[in-house]
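So the sequences go chain by chain: L and P. Start counting the first sequence at 1; every next residue gets the next number (the working numbering). Start counting the second sequence at 1001; every next residue gets the next number (the working numbering).
Rather than coming from a laboratory, the hints here were simulated on the basis of the structure. In this text, a Cβ means the ideal position worked out from N, Cα and C, and glycines have one as well. Errors might be hidden in some of the hints.
[Said to hold, decoys possible] Pair ranges (Cβ atoms, derived): (1) L/Lys319 <-> P/Asp1331: 50 to 60 angstroms; (2) P/Ser1339 <-> L/Glu234: 30 to 40 angstroms; (3) L/Gly362 <-> P/Asp1107: 52 to 62 angstroms; (4) L/Pro102 <-> P/Asp1331: 18 to 28 angstroms; (5) P/Thr1199 <-> L/Glu234: 35 to 45 angstroms; (6) P/Ser1339 <-> L/Asn255: 45 to 55 angstroms.
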Amino acid sequence: MSEQKSFPLPSDLKVVPGTEAAQAAYPYYTQFVPEDDQKFWFYNSMHFPEPMHHFDMITAEAAYVALGAFNTRVHVLPTAKGIDHRVINGRVYIGGVAVTDPKEIAERVEQFQQRAFYYYEHWERLYDQWKVKMKALIADAQALPKPELPDYEPIETTHTGKGVASNHALLDIYQKQVEGYHRMWHHHFEFLLLGYGAYMTFFDFCKKAFPEISDQAISRMVAGMEAEIFRPDEEVKRLARRAVELGVDQHFTDNMNIDQVLADLDKVSNAGKEWLGELETSRNPWFNVSSGDGFYHYHRSWNDDLSLPFAALPGYIEKIKAGANIERPTAQLIEERNQLVSDYRELLDTDEDRATYDQLIGLAHRVFPYVEGHKFYCEHWYTNLFFNKIREFGALLAKNDFFGPEGKEDDVFHLTQYELESAIIDLMLGWGVGATPRGPQHWPAIVAQRKAAIEEWGKHTTSPALGAVPDVIDDPAIVMLWGITRENLDSWLNEGSDANPNELKGFAACNGVVEGVARVVKSVAEIGRIQQGDILVCQVTNPTWSPIFQKIGAAVSDIGGSMSHMAIVAREYGLPAVVGTGSATTKIKDGQRIRVDGGRGIVTILQDEPVLEDA
Amino acid sequence: MSAVAWFKDVGIADRPTVGGKGGSLGELTQAGIAVPPGFVVTTSAFETFLEAIEARAPVREKVTALDPNDLGAATKLSEELRRRVIEEPMPAEVERAILSAHAELTDGVTPVAVRSSATTEDAEDASFAGLQDTFLWVLTGADMVTKVRECWGSLYSVESMTYRRKQDFPEDGVAMAVVIQAMVDARCAGVMFTRSPTTGDKSVITIEGAPGLGSAVVSGEVTPDRWVVGKITGEISVRDISDKHAKQVPAEGGGIKEVELSGAERSQPCLSDEELLALREVGRKVERHYGKPQDIEWAIDKAGNLLLLQSRPETVWATKDALAPVKPPEDNPLKHVMSIFGGKK
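Construct the entire structure; sequences and hints are all you get.
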């Protein structure tokens, strides 16, 4: 006898003992309340797979402020408003706000068609305008000075009659940076849902016309070829080519000491200096890519840590010297895409369907450059600038002992955005008053407590969903952004009951079956361990990892969907890949032999025990 | 018209004289698709033969007079006519033509398959299922002639005759062609549908196969391995590898026998990914040639060559196609997005 399975209610979730204070420190409006038991929630493991540092909650908050505004009041989606969020034990739960009253829906349909259709009709012009806006916003953030407190105000303040002292600049920079981050998220959602919606319309048509078509086949028909997100990898290839042309390629070896290499190149010759010049050209802006998805402060960029692009250089150099063409075959990819579109078209039965297909693919091709391109500007470039600016505040506070004698700049991320503002004001006061700030007495214990809480929360798994399962999930935002369907929920409910414990399921990202040694890589710092032919197992795979695709046999990730850039890049490299397995990095042990079936989205653990590595 | 027609000289338009199967094999051969060579014993051969035996005693007249509800009479007539088709002498020119073509095809060594090849669309219907005879691994010319007679005789089975009478089918038009085809000693064989049998999806190819001769798969004696391959993309989205307990192989004295399987042949996939993709290529080519989804029998010989044994239009889903469009076009293409945003189910 099996009883009806259901998810726990929000009120069933208990704060992990000993972490109550850390839980209470999250904003009051993100705490579960008894009324929340009436609603369905799911764990946003796609964007926030790890317990949230208190500061990093700003990413959830700013994103949901902007997403909600655009869905509810700007584009006026007929059946869905925004996304509500809560946090417990560091885990972010979200739930949609559906519109169910037919009268309200009808009213919103009318509004939506005036607004969204305007965007679709003027997509190219508005997107060009968007890039100008985004670049200006990035320039503003770059122009913000480093927060500093001199002993005495520079004499220029006096001579220019500036009338504002340096401590005011701290508040000014911080507030501008927080404002800019919120503004960036508004820009992010200006097009996103409409873009996904047009894509999904084509996607749904394909699924109806071809019930067994794979998600990856559909995304291949739509994928753009010139998206900014491919550019960082192209720049690494360019640097490899320049190294060969300038005759400095011998400096790049596996497991090189990057600082040493940079110093050597500066010393050896003009050619070395010229290559360093090329590196600078590539770095700004193309190395402003996060090695994660940009949602956590510790997802650092290539510019912050050159190890990822540099790890790729020896392999590319070797291929160039062997005469191989490593350029991205754009023309060929475009031709393949067009062939795919016309081959599927040919299979349709009626002229009417072919006419609809042409309308839908036309619209999908127009909107997709935004869907692919926005991430470079938003989640990578801007977010990286933002967290680095906060890190500068962290350094300043650490220098002023706010995090105790052992304090580090990254400790700042244990403060909420509001607490950080108060700590900044405390520092401003102390500097101005000439007294000792209170921070050094106040924050070290709190930071220690939150560090411990995050570590503790990380040891506990959390329910994938909470509350009563709805009969249907028809919130377009939830379906499009998180891929949540009724079938997903049922499989979550059944998880573990009859599943093969050695088998993990995810999205089939790229066709092919490969067996090999799993290399479970938790951060970019570990990529040196990857040997030729290893299978990369990591939490987030995104295009910034693509330079090491030349080395590996297959890729597996915890997070990611079939529409992810990762899937597209994997296909370009012809690399079998399964993304969005949920738990690959926890279930697969480093060194185990695994089989990746990229066509079916299945990863199988072949050996229970890790094999010992050869020296 | 001659008693014998080679595959390379016939096409689907010749169906009235070479039957559906013969015409299709001819069509495939002409389209450059690898098919084991062979010829068709045409309806003209049958007519000449029938004329000869009608001269001794009526055949068609008796069938026309049959009451389809009188099972006893039908059984009696069937026994009589089939015996006559098997036993009465064959006109010499017919027998000579068949034997000489057989000698040319086989050099006296290659075993052949003998299959009936019906001349009307009707005859391929479900109501005729089981009336199609196939004899595998036929060794000698004399055996072949016997099997040809058996194919002809199946026109006078109880089911076939009563069906014709119930449909009021004019007996004058009833004839049978027979296909004689060099036999492939298959390493593995099976069937392929150039669409999904479960959803009708035309963007996938479903392949079923098992070790040995394809007869084990077609007859359902063995649960075959099954794959679903993207017709356009080549993605292999389903791999159902079954426990294949037995295979059918040629028997020493002709015909086939069943052999129990063990080890890798029993448990491992019978096709490699490369072979699956080669099958997909051929499937696409045949489908393009005919302009509609196909139901194909294939075999891979011991040397690894992929050969088609038969291809016919898929019939189950074909009748459902084009009934209604998936989604009609809109005057304003943007209205399509309302299916996502408008909450319409």
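| Those earlier numbered hints the structure runs against, lowest number first | The structure breaks none of the hints.
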